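**Student:** Below, each chain spelled out in residue letters.
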Amino acid sequence: MSDLRNFARDTERSLDQPPFEVMIATRRRVHRRRAAVTAAAAVAAVLALALAVTGLTQLHQKQIPARPAPPQLLVPDWTAHQIVAHPDAFVVKQLQSRTDPRTVLTVWKRCPTRPQPNHDDCLGREAIAVADGAGHRLVTLAAVTDTSQLPTPGGDGLLREVGDGLWYWAHQDPGPYLVSATMRTPVHLTVLDRPTPHVYGVPGVECANQEGLCTLDLNARTLERLAIPDLPDTRWAIPTAQGCGLWGLVGVGARTRLVIQQRDGGFATADLPHAPLGVAMAEGGPNCEVAYYQSLVSDKSQLVVSIDQGKTWQIRQSPLPQVAGYYEHQPRDRFLIPPHWADLPPTAHPLELPDALRPL
Amino acid sequence: MNDDGDVVRSVYDLSYRRLVTQMVALCGNRSEAEDVVQESFLTALTHRSDFTEAANKEAWLRTVCLNLLRNRWRRARVAGRLLPKFRAELNIQLGPQAPEDHVALVQALSRLSTQVRVTVVLHYIADLSVAQIAHELSVPEGTVKARLARARAQMASHLSDHEEADHV
Numbered sequence: 001m002s003d004l005r006n007f008a009r010d011t012e013r014s015l016d017q018p019p020f021e022v023m024i025a026t027r028r029r030v031h032r033r034r035a036a037v038t039a040a041a042a043v044a045a046v047l048a049l050a051l052a053v054t055g056l057t058q059l060h061q062k063q064i065p066a067r068p069a070p071p072q073l074l075v076p077d078w079t080a081h082q083i084v085a086h087p088d089a090f091v092v093k094q095l096q097s098r099t100d101p102r103t104v105l106t107v108w109k110r111c112p113t114r115p116q117p118n119h120d121d122c123l124g125r126e127a128i129a130v131a132d133g134a135g136h137r138l139v140t141l142a143a144v145t146d147t148s149q150l151p152t153p154g155g156d157g158l159l160r161e162v163g164d165g166l167w168y169w170a171h172q173d174p175g176p177y178l179v180s181a182t183m184r185t186p187v188h189l190t191v192l193d194r195p196t197p198h199v200y201g202v203p204g205v206e207c208a209n210q211e212g213l214c215t216l217d218l219n220a221r222t223l224e225r226l227a228i229p230d231l232p233d234t235r236w237a238i239p240t241a242q243g244c245g246l247w248g249l250v251g252v253g254a255r256t257r258l259v260i261q262q263r264d265g266g267f268a269t270a271d272l273p274h275a276p277l278g279v280a281m282a283e284g285g286p287n288c289e290v291a292y293y294q295s296l297v298s299d300k301s302q303l304v305v306s307i308d309q310g311k312t313w314q315i316r317q318s319p320l321p322q323v324a325g326y327y328e329h330q331p332r333d334r335f336l337i338p339p340h341w342a343d344l345p346p347t348a349h350p351l352e353l354p355d356a357l358r359p360l
Numbered sequence: 001m002n003d004d005g006d007v008v009r010s011v012y013d014l015s016y017r018r019l020v021t022q023m024v025a026l027c028g029n030r031s032e033a034e035d036v037v038q039e040s041f042l043t044a045l046t047h048r049s050d051f052t053e054a055a056n057k058e059a060w061l062r063t064v065c066l067n068l069l070r071n072r073w074r075r076a077r078v079a080g081r082l083l084p085k086f087r088a089e090l091n092i093q094l095g096p097q098a099p100e101d102h103v104a105l106v107q108a109l110s111r112l113s114t115q116v117r118v119t120v121v122l123h124y125i126a127d128l129s130v131a132q133i134a135h136e137l138s139v140p141e142g143t144v145k146a147r148l149a150r151a152r153a154q155m156a157s158h159l160s161d162h163e164e165a166d167h168v
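Chains A and B, in that order, give the protein sequences.
Counting in the working numbering, the first sequence runs from 1 upward without gaps.
Counting in the working numbering, the second sequence runs from 1 upward without gaps.
None of these hints come from the bench; they were simulated from the model.
Please read these numbers as outputs of a predicted model, since none were measured by experiment.
There may be inaccurate statements among the hints.
To be verified - When the alpha-carbon atoms are kept at most 25 angstroms apart in a straight line, the in silico DMTMM-like pairs for lysine to aspartate or glutamate are as follows:
1. A:93 x B:50
2. A:311 x A:233
3. B:145 x A:3
As the list claims (entries may be wrong) - To give an idea of the interface, some chain A residues facing chain B are shown, with a C-beta separation under 7 angstroms as derived from the structure:
4. 3
5. 280
6. 322
7. 323
8. 329
9. 333
To be verified - Take a look, some chain B residues computed to stay more than 10 angstroms from chain A by CB distance:
10. 69
11. 70
12. 71
13. 74
14. 111
15. 113
16. 130
17. 137
Even glycine gets a Cβ: it sits at the ideal position worked out from N, Cα and C.
Let the sequences and hints guide you as you build the complete structure.
**Tutor:** Below you can see the structure in the form of structure tokens.
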């Protein structure tokens with residue numbers, strides 16, 4: 001036991017963890033190289049076979065035909081109903097209303113060609129259908145989306161329920177829209193792209209282009225961009241609850257810091273201790289918690305929570321969120337703070353706390 | 001879907017070192033362990049919908065890693081059969097700083113059968129309970145207990161003091 005524990009602890013500590021983007025880029029390069037070698041080997045094999053069969057002289061007399069250009073794939077201008085009702089269409093995602101489970105939003109997709117096995121995506125057009133239990137139904141065209149190997153810039157957008165059976169579709173051209181079963185056509189939102197200061201406590205949502213943060217005014221039907229600190233590699237914890245400030249995690253790998261909105265509307269930052277292991281935000285706290293998970297050796301993680309915008313911190317021992325299922329997939333992948341986190345036991349050997357807040 | 005790999009990146013931040021450590025214990029080779037773990041995260045990106053639906057993301061990645069390792073071992077066995085002259089010797093590479101007792105431990109692990117070794121790593125290094133291992137490997141709990149008992153007998157010096165505290 002102790003031998004294996006020591007081995008696990010020492011090995012974990014001694015590992016260099018490359019930044020995620022670097023690691024993925026390296027792996028993709030390796031794949032491309034392997035594919036090129038395989039292709040070259042295949043061509044060499046074919047040539048060798050051709051030489052063996054036809055003889056070198058014959059090969060000299062013949063012209064090798066040029067490789068035909070791949071056919072250009074276009075997505076037909078289907079209507080939303082031609083997508084939803086078609087037997088080849090498939091469901092991309094289905095969201096149930098939080099308040100009425102009979103109200104369901106379904107994203108359908110139809111492709112000119114069938115998707116590849118093991119890949120749920122293909123070049124095609126999507127349509128959104130919202131239906132409730134009272135027979136109301138809205139069907140509208142959505143995005144043209146590509147494959148995961150070559151994603152379209154806006155993807156298929158993000159759908160967030162912002163009212164009872166009312167979804168905000170964060171997507172541009174088409175969109176951004178509000179959709180609900182009782183609408184006859186989707187409501188187009190006016191985008192106000194000049195950044196305005198954020199008032200503490202007003203919930204933020206994703207902007208239509210999914211860059212930065214916006215506020216959504218359902219009455220005025222506007223989507224207004226927020227003036228937030230322009231920090232590279234920031235992941236914002238959105239949506240925040242009504243009455244809570246904005247916060248996020250800046251940086252990747254071992255060097256990370258929190259950016260936290262203060263009650264006066266300004267932003268402050270707190271460096272996280274140099275983390276030998278990983279850090280991830282713990283979002284969705286109902287009491288305006290700013291929180292993050294920090295991995296410990298073994299199967300536990302440390303949960304670090306502040307309920308006063310980063311002025312003081314509490315530490316709890318938490319199960320790993322990726323193992324315990326403190327995780328939400330829709331509308332956006334994120335780790336959640338454990339329910340009743342305050343009842344979790346304290347950490348026997350807590351890691352360092354974040355540094356003191358500094359104004360931005 | 002337009003998740004931008006956020007969840008994969010978050011799981012990478014939290015689970016990368018744990019998974020590499022588990023794979024080092026399984027294959028005895030640090031660079032090979034890093035290779036299969038990194039490959040598993042790329043697989044998570046290309047099979048994002050499967051990954052996002054998995055409740056236990058680390059178990060999903062571990063399964064991919066184990067499959068990759070098994071494929072490599074199978075290829076190595078075939079190559080060894082075809083070209084016995086070039087059959088690779090057991091190649092434990094834990095890095096230049098690795099203490100001798102770690103090398104000895106991994107050597108002891110490598111003498112276990114693959115099934116038993118996987119079970120030991122899940123129990124003693126990933127810290128999974130017998131029930132969790134049974135679920136992850138799709139075997140009865142009794143089988144897990146039997147494999148752990150067999151491993152304890154074979155690795156007595158390394159595992160003996162785990163008897164009282166283990167999850168069995």
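**Student:** Please go over all the hints and tell whether each is borne out by the structure.
**Tutor:** Status of each hint after checking the structure:
Pair hint residue 93 (chain A) plus residue 50 (chain B) holds up; C-alpha atoms about 13 angstroms apart against a cutoff of 25 angstroms. Straight-line distance between C-alpha atoms of residue 311 (chain A) and residue 233 (chain A) comes to about 23 angstroms, which keeps the hinted pair within the 25 angstroms bound. Between residue 145 (chain B) and residue 3 (chain A) the CA atoms are separated by roughly 20 angstroms; this keeps the pair inside 25 angstroms, and the hint holds. Among the interface hints, the one on residue 3 (chain A) holds; its C-beta lies about 5 angstroms from the nearest C-beta in chain B, closer than the 7 angstroms criterion.
This hint holds: residue 280 (chain A) has a C-beta 4 angstroms from the nearest C-beta of chain B, less than the 7 angstroms allowed. Given the 7 angstroms rule on beta carbons, the hint for residue 322 (chain A) holds: about 4 angstroms separates it from the nearest Cβ of chain B. Taking 7 angstroms as the C-beta cut-off, the interface hint given for residue 323 (chain A) holds, the closest approach to chain B being about 6 angstroms. Evaluation of the residue 329 (chain A) hint against chain B yields a held restraint, the C-beta minimum of about 5 angstroms falling below 7 angstroms.
With a cut of 7 angstroms, the hint placing residue 333 (chain A) at the interface with chain B holds, because the nearest CB-to-CB distance is about 3 angstroms. For residue 69 (chain B), the condition that its CB be more than 10 angstroms from all CB atoms of chain A holds, with the nearest at approximately 16 angstroms. With 10 angstroms as the threshold on Cβ separation, the claim that residue 70 (chain B) sits away from chain A holds: the shortest Cβ distance comes to roughly 19 angstroms. At the 10 angstroms boundary, the C-beta of residue 71 (chain B) stays outside the reach of chain A, the nearest C-beta of that chain being 14 angstroms off.
No beta-carbon of chain A comes within 10 angstroms of the beta-carbon of residue 74 (chain B); the shortest separation is about 18 angstroms. The beta carbon of residue 111 (chain B) sits about 15 angstroms from the closest Cβ of chain A, which is more than 10 angstroms, so the claim that it is off the interface holds. Here residue 113 (chain B) stays apart from chain A, with its beta-carbon at least about 18 angstroms from theirs, past the 10 angstroms limit. With 10 angstroms as the threshold on Cβ separation, the claim that residue 130 (chain B) sits away from chain A holds: the shortest Cβ distance comes to roughly 14 angstroms.
Once the 10 angstroms rule is applied to beta carbons, residue 137 (chain B) is consistent with being away from chain A; the minimum gap is 16 angstroms.
When held up to the earlier numbered hints, the structure conflicts with none and fits them all.
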